[in-house]
Amino acid sequence: MVRRRNIRRFLFLGHRYIGIFCALFVVMLAVTGFMLNHTESLKLDERHVQSTDLLKWYGISSPMLEKSFSTGKHWISEFSGKFYFDNSLVADNGEHLVGALALEQFILAALETELILLSYDGELIDRMGNAAGVPTGILTVGIEEQTELPVIKTVSGSYRSDAELIGWQKIDSQKIHWSKPQVPPVELTQQITESYRGNGLNIERVLLDIHSGRIAGQAGVLFMDVVAIMFILLAGMGVWMWARR
Amino acid sequence: MNYILILIFSLIFSSAHASATYQTSAEFLDEVFSSDVPQPQVLWLTKKFKPLVKEILGHDYATMRVRYWGRNHRTVWILEEIGKEKPITTGIVIDNGKIEQVKVLVFRESRGNEVQYPFFTDQFKGRFLNADKVLDRYIDGISGATLSVRALKKLARLALFLHQQSKYANGPS
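For the protein sequence lines, the chains are A and B, in the order given. The opening residue of the first sequence carries number 1 in the numbering used here; numbering runs sequentially from there. The opening residue of the second sequence carries number 1 in the numbering used here; numbering runs sequentially from there.
Don't read these hints as lab results, they were simulated from the structure. Predicted, not measured: the structure shown is a model, and the values here were computed from it. Careful: at least some of the hints might be erroneous.
Pairs of lysine-lysine, BS3-like flavour, derived with a Cα cap of 25 angstroms [claimed, not checked]:
1. B:Lys-84 with B:Lys-48
2. A:Lys-175 with A:Lys-153
3. A:Lys-73 with A:Lys-170
4. B:Lys-98 with B:Lys-54
5. A:Lys-82 with B:Lys-86
6. A:Lys-82 with B:Lys-84
Pair ranges (Cβ atoms, derived) [what the hints assert, rightly or not]:
7. A:Gly-200 with B:Ser-19: 26 to 32 angstroms
8. B:Glu-55 with A:Ser-61: 41 to 47 angstroms
9. B:Leu-52 with A:Gly-220: 31 to 37 angstroms
10. B:Gly-141 with A:Arg-214: 44 to 50 angstroms
11. B:Tyr-22 with A:Gly-33: 52 to 58 angstroms
Ideal Cβ positions, reconstructed from N, Cα and C, are used throughout, including at glycine.
Please work from the sequences and hints to get the whole structure.
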């Protein structure tokens, strides 16, 4: 009789403490499950995480500023191999930006093997590589003082173009103002950082990982397995006690 | 046995990495103009042309201006269009409003490189644009290369259309 009472007391206390421990996880699983059931209507797959700490936790690092050039009101920059007009992505082919300058009608950006011509609204006008007669091995770009025409410095010498940037002619001119990298405004760096990292992690992914425990890696998954076992115990104990009452 | 394994491996490997440059743009131009390549010209895709280009390609052309080379009634266009995932660079020669030559210069896709062969590209010879801006005659496809064939047909129509807008459309200027 005493033994049976002890078992009942043990189950009662166990049910209570396991219940308190699991309460938090029940709420967490219910909330995340509810949200995941409505992914489309809540647009969880389209909304992106902006929290620096959470992105760091997922190993999504900040983009590295390689070079940036001021072209009047606009900035041409390279962050981690991606090429930006202000904060808009223009190209992502891994080539390095070597120079940029403002011309009368266009912005001319020089990558290692091609020149990119942009309008002042950021529209892509032309991409000119070797096929368009642009010499290879571009080192930088500048403006010839006398003619005010664009010049590129390459491994095989300097070449001047016309105002429309159609043909290239080798020159020996020394009076050229080469474009020089500058430090972009902090706001621009922040905008590009947000744009670069913002698309890497959506809220649905985070909720799925919280729901399964994967947000804490393999240990988190094992922990959620333990919690699931506790849920089963809780249900079993509850039913047993109710039946014995 | 080893030879068979090597053959199988190289066949698999070659089909998965089929990206190839068959001819550089400079070589193609040298060939077309017999080493007397004229100065390049540019054609701006203005607001007037953009919807028509979009009608042909199904999307806007990547840039706002297109470079070409011309002499007398002939123009040469080096254009790019994505087959499935990557752009196919194609050289197209137009003479008097008709296609003289289509040549795949760079093929970057992993499948469908059969479009480079003359049995396919020769079908474009003599084709011109009708009033609906489509080719005057049907071009036979290649099974397994549907998207590449489609890309080349689009480029052929685009080159013919751009030729009509160029200053070489009506003979020497």
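Against the structure, the hints come out as follows:
Proximity of Lys-84 of chain B to Lys-48 of chain B is assessed by CA-CA distance (about 29 angstroms); at most 25 angstroms being required, the pair is judged violated. Annotation: proposed proximity of Lys-175 of chain A to Lys-153 of chain A holds, straight-line Cα distance about 13 angstroms (limit 25 angstroms). Distance hint between Lys-73 of chain A and Lys-170 of chain A is unfulfilled; the C-alpha atoms sit about 31 angstroms from each other, more than 25 angstroms. Of the supplied pair hints, the one linking Lys-98 of chain B and Lys-54 of chain B holds, its CA atoms being roughly 21 angstroms apart against a limit of 25 angstroms.
At roughly 19 angstroms between alpha-carbon atoms, Lys-82 of chain A and Lys-86 of chain B fall within 25 angstroms of each other, so this suggested pair holds. A hinted pair counts as satisfied when its Cα atoms are at most 25 angstroms apart, and Lys-82 of chain A with Lys-84 of chain B qualifies at roughly 23 angstroms. Between Gly-200 of chain A and Ser-19 of chain B, the C-beta spacing of about 28 angstroms keeps the proposed range 26 to 32 angstroms intact. For the pair Glu-55 of chain B and Ser-61 of chain A, the beta carbons lie near 44 angstroms from each other, so the given range of 41 to 47 angstroms is met.
The supplied range of 31 to 37 angstroms is broken by Leu-52 of chain B and Gly-220 of chain A, whose beta-carbon atoms lie about 57 angstroms from each other. A C-beta distance of roughly 46 angstroms is found between Gly-141 of chain B and Arg-214 of chain A, which places it inside the suggested range of 44 to 50 angstroms. Separation of Tyr-22 of chain B from Gly-33 of chain A is about 56 angstroms and conforms to the stated range, judged on CB atoms against 52 to 58 angstroms.
Hint check: violations occur at hints 1, 3 and 9; the rest are consistent with the structure.
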